[in-house]
Structures are given as C-alpha cells and as structure tokens.
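**Q** Residue-level listing of the chains:
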Amino acid sequence: MKTLVALSLFVWSTTGLAQSGNLKPGTSAPDISLKNVTGETVSFTTFREARGYIIVFTCNTCPVAKAYEQRIIELNAKFAPIGYPVIAINTNDPQVSPGDSFEAMVDRAKTKKYMFPYLFDEGQNITTKYGARNTPTIFLVKHSNEGNIIVYTGAIDNDPEENKSDRINYLEQALSAVQAGKDPAITSTKAIGCSVKRKRST
Amino acid sequence: MSFIFCLNASGQEVGLVTLNQLYDRVDHGRDTIYVINFWATWCVPCVKELQNFERLSNVYKNKNLKVLLISLDFKSKLNESVLPFVKRNKMKNEVFMLNEPDPQIYINRIDSSWSGALPATLMVKNKKRKFFEKGFTYSELLNEYKNFK
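Chains as they are written, first to last, in the working numbering: chain A, 1 to 202; chain B, 203 to 351.
Rather than coming from a laboratory, the hints here were simulated on the basis of the structure. There could be a bad hint or two in this list.
Claimed, not checked - Each computed BS3-like pair below joins lysine-lysine, with the alpha-carbon atoms no more than 25 angstroms apart:
id, chain 1, residue 1, chain 2, residue 2
1, A, 129, B, 336
2, B, 351, B, 289
3, A, 66, B, 277
4, A, 66, B, 351
5, B, 336, B, 351
6, B, 336, A, 24
7, B, 332, B, 263
8, B, 327, B, 351
9, A, 66, B, 327
10, A, 24, A, 182
11, A, 199, B, 250
12, B, 277, B, 351
13, B, 336, B, 279
14, B, 330, B, 292
15, A, 110, A, 35
16, B, 279, B, 351
17, A, 164, B, 268
18, A, 112, A, 66
19, B, 329, B, 250
20, B, 292, B, 265
21, B, 292, B, 329
22, B, 336, A, 66
23, B, 263, B, 292
24, B, 265, B, 294
25, B, 279, B, 289
26, B, 279, A, 164
27, A, 35, A, 112
28, A, 199, B, 336
29, B, 289, B, 263
30, A, 35, A, 199
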C-alpha cells in the first residue's frame with residue numbers, strides 16, 4: 001500500500017511541469033516604467049540610493065492582498081530607509097475588475113497613506129513579464145554587478161490570517177540574507193491567493 | 203478513512219479532507235471522472251463559476267462523474283462562512299475544506315504548475331489528469347469535461 005501511495009504521488013507530482021511561472025530567482029529583473037498614483041512615472045532609477053527593491057504584485061480587491069496590506073506598509077517603513085523600498089504594482093485589468101481602476105488605486109493609496117509607489121500596469125505587460133499570476137506575489141530584487149537580480153519570489157510569510165505562533169517571515173529572512181551578502185535559504189514559495197484579472201481576449 | 207463532517211441546518215455537509223484522503227478516493231474511483239474544484243468563499247470568480255459545476259454534475263448525474271468542491275477558506279471560517287454559503291446556495295455537490303497545514307507542500311502536490319491562485323480545477327480519471335489555473339464559463343467547462351472523458 002505504501003508503495004502504491006508513493007508511486008501515485010510520483011505520478012501526480014511529475015505531470016504539468018512545463019507551464020510557465022514566476023521569473024526564477026537568479027534571473028534578472030525586467031525594468032519597469034509605470035504610472036504611479038501620483039501621476040509620475042516610476043522606474044528602478046527613481047530610487048537613487050536603493051540597494052534593491054521589494055516588488056509587490058497586488059491589487060485593491062483581492063482579500064488576501066488586503067490581508068497583507070498593513071504588512072506591506074510596514075515592510076516599506078522598515079526596509080526603505082535601509083535601501084529596499086516597496087514598489088507595489090496593480091496587476092488587474094480595470095475593465096474586468098472595476099475596483100482596480102486607476103482612480104480606485106489613487107483612493108486606496110490616499111486612504112491608507114501609502115508611502116511607496118502604487119503603479120498602474122497599463123496593458124498588464126510588467127505582470128506578464130514577471131509571470132505573476134497570483135496576488136499578492138513578491139519579487140525581492142538586489143543590485144549586483146550583473147544588474148538587478150531577483151533573489152526571492154513568492155509570499156511575504158506563511159501566515160495570511162496572522163494567527164500562527166510559528167510564522168515564517170520568508171521575505172524578511174531573504175532580506176536578512178541579502179544584507180549579509182548571502183543567498184537566501186528559501187528563494188521561492190507559494191501561497192493561496194487571487195488570480196490576476198486578465199483583460200478578456202476579444 | 204475518516205472524514206470529519208459538520209452538518210448545517212439543511213443537512214448539507216462540509217467535511218475536512220487531506221490530500222491523501224482525496225487522492226485515495228480518486229485512486230479507488232475506477233472509471234469515475236473526478237472534477238475537483240478549488241475555491242474559497244472570498245474568491246469572486248470562484249463563487250461566480252460554482253453554479254457551472256453544479257450544473258455540470260446535474261446534467262451528467264447518471265454518468266461516471268463526481269464533482270468535488272474543495273474550499274481553501276481558512277478552517278476557522280468553516281462555521282462562519284463556508285457552511286452558511288453552502289446552505290444559502292443549496293449546493294448539491296460534495297463540499298470539503300482542505301485539511302492541510304503547509305501550502306509549500308500541498309500546492310505542488312495538487313499541481314506543480316499551480317501558482318496558488320484561485321480558482322483552480324483538477325480533472326482526474328485513473329492516472330489521467332489535467333489541471334486548470336483559471337475560471338470556467340459553463341460552455342468552457344462542458345468542453346473540457348467532454349474532451350477529458
């Protein structure tokens with residue numbers, strides 16, 4: 001029986017490997033140049049003293065993203081001053097998800113006093129380039145001699161409901177490693193979240 | 203195999219299920235096609251497409267089709283959200299809550315290509331399987347089911 005279970009697990013786990021996903025840790029982070037809720041265009045070079053970036057693919061409407069909103073605000077407060085600012089990007093098409101319109105983003109950023117850019121991904125090109133399919137999804141990027149390199153991708157932590165005594169702060173652990181000049185022990189994680197609301201193909 | 207069931211007032215049940223329990227059931231299903239939908243009460247596109255799964259199982263109720271609806275709501279929301287939702291919508295398909303602690307393990311065990319975004323659906327018959335990280339209209343679901351048979 002054990003063999004049977006192991007065998008069937010093997011079959012289950014070896015199918016469906018071919019599909020694309022998030023850009024992998026170790027690969028370079030595509031440049032961004034997107035409109036912020038302030039109306040200005042933001043790119044990596046906007047942050048002259050940054051040593052890296054915490055890119056958060058998120059939105060106004062996803063309950064999981066909302067559950068993480070305060071944590072994202074706090075991450076920026078903690079890590080922007082030491083060179084790792086948050087750059088939030090709304091993944092969703094506003095026609096499919098009206099609550100994620102540019103105007104709604106502006107409102108949200110104001111109400112919650114975002115101290116970081118919240119960018120509108122017109123045409124969803126950056127979301128597609130990074131391969132984000134799920135909100136919220138993090139890409140931790142560091143500056144290096146080879147340019148901007150992704151060092152971690154996935155969830156902020158393993159505790160969406162904020163009720164675990166044994167919470168693992170994946171992103172903060174990765175940041176600590178990067179600051180110490182090391183590779184993070186965990187470079188990629190997954191979490192249950194909301195699908196990116198894709199523009200309907202016509 | 204032990205399922206823990208919670209009964210709501212109208213008698214619909216929402217059990218907790220581990221992946222081993224789920225896969226064990228599928229492995230013993232012989233020629234049954236399992237359409238396993240992963241959803242949550244907080245997921246708008248999930249809630250929108252649930253009626254399509256109800257319709258499919260109703261239309262094909264004498265065929266070897268079993269629709270299983272696996273909620274990924276937090277377990278703490280069983281009584282507060284999931285049971286009332288199941289009751290309110292008079293859901294006929296079997297509804298479970300996934301009883302797995304670690305998404306780093308269970309997401310890949312459901313499908314390694316899955317990002318974790320909801321909704322998602324797995325079709326299984328014996329060793330044949332197809333995974334979808336998307337929502338379905340009824341005609342899309344019907345097509346995929348017919349193609350899979």
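**Q** Work down the list of hints and note, for each, if the structure agrees.
**A** A quick look at each hint next to the structure:
1. For the given pair, residue 129 (chain A) sits about 19 angstroms from residue 336 (chain B) by alpha-carbon distance, which is consistent with the 25 angstroms threshold.
2. For the proposed pair residue 351 (chain B) and residue 289 (chain B), the alpha carbon gap of about 31 angstroms is over 25 angstroms, so the pair is violated.
3. As the CA atoms of residue 66 (chain A) and residue 277 (chain B) are separated by approximately 19 angstroms, the hinted pair is consistent with the 25 angstroms bound.
4. Under the criterion of a C-alpha separation no larger than 25 angstroms, the hint pairing residue 66 (chain A) with residue 351 (chain B) is inconsistent with the structure, at around 39 angstroms.
5. Restraint check: the Cα-Cα separation between residue 336 (chain B) and residue 351 (chain B) comes to about 20 angstroms, which is no more than 25 angstroms; the hinted pair holds.
6. For the hint pairing residue 336 (chain B) with residue 24 (chain A), the CA-to-CA distance comes to about 22 angstroms; that is within 25 angstroms, so the pair holds.
7. Using a Cα cut-off of 25 angstroms, the hinted pair residue 332 (chain B) and residue 263 (chain B) holds, with the two alpha carbons roughly 21 angstroms apart.
8. As the CA atoms of residue 327 (chain B) and residue 351 (chain B) are separated by approximately 8 angstroms, the hinted pair is consistent with the 25 angstroms bound.
9. With a C-alpha separation of about 37 angstroms, the suggested pairing of residue 66 (chain A) with residue 327 (chain B) is violated against the 25 angstroms cut-off.
10. Of the supplied pair hints, the one linking residue 24 (chain A) and residue 182 (chain A) holds, its CA atoms being roughly 17 angstroms apart against a limit of 25 angstroms.
11. The straight-line distance between the Cα atoms of residue 199 (chain A) and residue 250 (chain B) is roughly 17 angstroms, inside the 25 angstroms bound, and the hint therefore holds.
12. A hinted pair counts as satisfied when its Cα atoms are at most 25 angstroms apart, and residue 277 (chain B) with residue 351 (chain B) does not qualify at roughly 33 angstroms.
13. Between the alpha carbons of residue 336 (chain B) and residue 279 (chain B) the distance comes to roughly 24 angstroms, so the proposed pair stays at or under 25 angstroms and holds.
14. Between residue 330 (chain B) and residue 292 (chain B) the CA atoms are separated by roughly 31 angstroms; this puts the pair beyond 25 angstroms, and the hint is violated.
15. Only pairs whose Cα atoms come within 25 angstroms are accepted, and residue 110 (chain A) paired with residue 35 (chain A) is accepted, the gap being roughly 16 angstroms.
16. As the CA atoms of residue 279 (chain B) and residue 351 (chain B) are separated by approximately 35 angstroms, the hinted pair breaks the 25 angstroms bound.
17. Restraint check for residue 164 (chain A) and residue 268 (chain B): not satisfied, since their Cα atoms lie roughly 35 angstroms apart, outside the 25 angstroms limit.
18. Taking the CA atoms of residue 112 (chain A) and residue 66 (chain A), the gap is near 11 angstroms; set against the 25 angstroms cutoff, the hint holds.
19. At most 25 angstroms may separate the alpha-carbon atoms for a hinted pair to count; residue 329 (chain B) and residue 250 (chain B) exceed this at roughly 30 angstroms.
20. At most 25 angstroms may separate the alpha-carbon atoms for a hinted pair to count; residue 292 (chain B) and residue 265 (chain B) meet this at roughly 22 angstroms.
21. About 32 angstroms separates the Cα atoms of residue 292 (chain B) and residue 329 (chain B), which puts this hinted pair outside 25 angstroms; it is violated.
22. For a cut-off of 25 angstroms, the pair hint linking residue 336 (chain B) to residue 66 (chain A) stands: about 21 angstroms separates their Cα positions.
23. For the suggested pair residue 263 (chain B) and residue 292 (chain B), the alpha carbons sit about 17 angstroms apart, so the restraint of at most 25 angstroms is met.
24. Between residue 265 (chain B) and residue 294 (chain B), the direct Cα distance comes to roughly 16 angstroms. Compliance with the 25 angstroms bound is thereby established for this hinted pair.
25. With a C-alpha separation of about 14 angstroms, the suggested pair residue 279 (chain B) and residue 289 (chain B) falls inside the 25 angstroms cut-off, and the hint holds.
26. This hinted pair checks out: residue 279 (chain B) and residue 164 (chain A) have alpha carbons roughly 15 angstroms apart, not beyond 25 angstroms.
27. As the CA atoms of residue 35 (chain A) and residue 112 (chain A) are separated by approximately 19 angstroms, the hinted pair is consistent with the 25 angstroms bound.
28. In summary, the hint linking residue 199 (chain A) to residue 336 (chain B) is supported, as the alpha carbons are separated by about 13 angstroms, within the 25 angstroms threshold.
29. At roughly 21 angstroms between alpha-carbon atoms, residue 289 (chain B) and residue 263 (chain B) fall within 25 angstroms of each other, so this suggested pair holds.
30. Pair hint residue 35 (chain A) plus residue 199 (chain A) holds up; C-alpha atoms about 18 angstroms apart against a cutoff of 25 angstroms.
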